[in-house]
Amino acid sequence: MSRALDGRVAVVTGGGKGLGRAFALHLAEAGAAVVVNNRNRQVDENGLGPADHVVAEIVARGGRAVANHDDVADPAIGDRLVADALEHFGRLDILVTSAAVSAPQMAHKTTAESFRQVMDINVTGTVLPAAAAMAHMRRAGSGRVVLIASTAGLHGETTVSAYAASKGAVIAFGRTAAVEGAGKNVLTNVVLPYATTQMTEAGMDPRHADRMRSDLVAPLVTALASPESTINGQVIVAAGSALRAADAVEWGTVGYDADQPIEPAVLEQLLTQSRAGDPHTFTHAQNAFQSLAADLAASSHP
17 MSRALDGRVA
27 VVTGGGKGLG
37 RAFALHLAEA
47 GAAVVVNNRN
57 RQVDENGLGP
67 ADHVVAEIVA
77 RGGRAVANHD
87 DVADPAIGDR
97 LVADALEHFG
107 RLDILVTSAA
117 VSAPQMAHKT
127 TAESFRQVMD
137 INVTGTVLPA
147 AAAMAHMRRA
157 GSGRVVLIAS
167 TAGLHGETTV
177 SAYAASKGAV
187 IAFGRTAAVE
197 GAGKNVLTNV
207 VLPYATTQMT
217 EAGMDPRHAD
227 RMRSDLVAPL
237 VTALASPEST
247 INGQVIVAAG
257 SALRAADAVE
267 WGTVGYDADQ
277 PIEPAVLEQL
287 LTQSRAGDPH
297 TFTHAQNAFQ
307 SLAADLAASS
317 HP
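Under our numbering, the first residue of the sequence shown is numbered 17, with each subsequent residue one higher.
Just so you know, the hints here were simulated from the structure itself, not pulled from any lab data.
Think of the CB as a built atom: it goes at the ideal place given N, C-alpha and C, for glycine as much as any other residue.
Mixed in with the good hints, there may be bad ones.
What the hints assert, rightly or not - Have a look at the derived ranges for each label pair, beta carbon to beta carbon:
#1 N303 <-> R80: 35 to 45 Å
#2 D22 <-> D87: 28 to 38 Å
#3 E73 <-> P295: 13 to 23 Å
#4 A151 <-> S245: 19 to 29 Å
#5 P235 <-> Y272: 43 to 53 Å
#6 A292 <-> D60: 53 to 63 Å
#7 Y272 <-> D231: 47 to 57 Å
#8 T174 <-> T299: 23 to 33 Å
#9 L287 <-> Q58: 24 to 34 Å
#10 F298 <-> Q58: 21 to 31 Å
#11 F298 <-> R80: 37 to 47 Å
#12 F305 <-> A261: 18 to 28 Å
#13 D60 <-> V265: 42 to 52 Å
Work out the full structure: start from the sequences and follow the hints.
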């Protein structure tokens with residue numbers, strides 16, 4: 017395997033199991049030293065948790081790694097992860113945020129406690145490590161950030177409304193971070209993987225479970241983490257050694273008379289007209305606004 021990441025240092029949150037473990041191992045195989053983060057909810061008879069075992073795997077293969085056991089929901093998590101990278105390896109070049117929980121619950125049964133737990137881990141636990149890492153990377157003049165989200169954040173998914181909302185937030189955050197960091201060579205992309213993991217195996221279609229291995233997604237993450245990569249602001253669906261580029265799309269602009277009530281049947285027709293128009297994608301919301309405003313201005317003049 018090419019050691020494209022020799023001399024680089026990565027932090028992987030949720031790196032003790034599933035996708036995070038696969039990412040940490042592949043980054044290390046490519047030459048990166050890795051801070052493997054995973055909170056110790058369960059330890060073995062020697063007091064070792066998931067992150068410790070992944071570190072042992074990396075070291076046994078001749079790599080460099082250290083474990084971090086902090087909870088990503090801790091407000092201090094970002095600074096601690098950056099500090100660990102600098103203390104042990106002297107730099108930080110790559111962040112992969114893989115820590116997440118699901119907590120299945122239908123929308124009408126959502127409680128404040130369950131919603132807050134999912135948001136604290138999936139959103140705050142992504143944003144704060146990313147913010148701290150990007151601040152360091154901006155000063156260093158280079159960095160690569162890969163945020164792990166889900167197609168639930170694009171399309172929604174029944175019984176996991178809080179999870180879907182959290183992953184939608186991660187996608188929006190990633191696209192924003194990409195625009196903000198581009199001028200400093202701090203590039204951010206979002207990967208939406210399908211993989212059979214401890215969190216997903218119960219709901220995974222058994223016909224596809226064997227092909228949805230976590231290690232098949234890892235090469236994509238390593239490629240995005242490369243200093244040679246200039247890819248930025250992409251949302252990428254990945255599974256089983258295949259990928260799809262994804263995006264938010266706005267269709268054609270269709271006017272209506274705001275002085276008249278809009279009957280539901282008329283609204284349905286307007287939406288059909290819009291979808292028949294050209295699709296548009298935008299790098300950020302201000303561009304989308306300017307496009308719509310220009311269409312409105314053009315339609316107001318004969």
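Check each numbered hint from earlier against the structure, then list the numbers of those it violates in ascending order.
Going through the list in order, the structure violates hints 3, 9 and 10 and respects the others.
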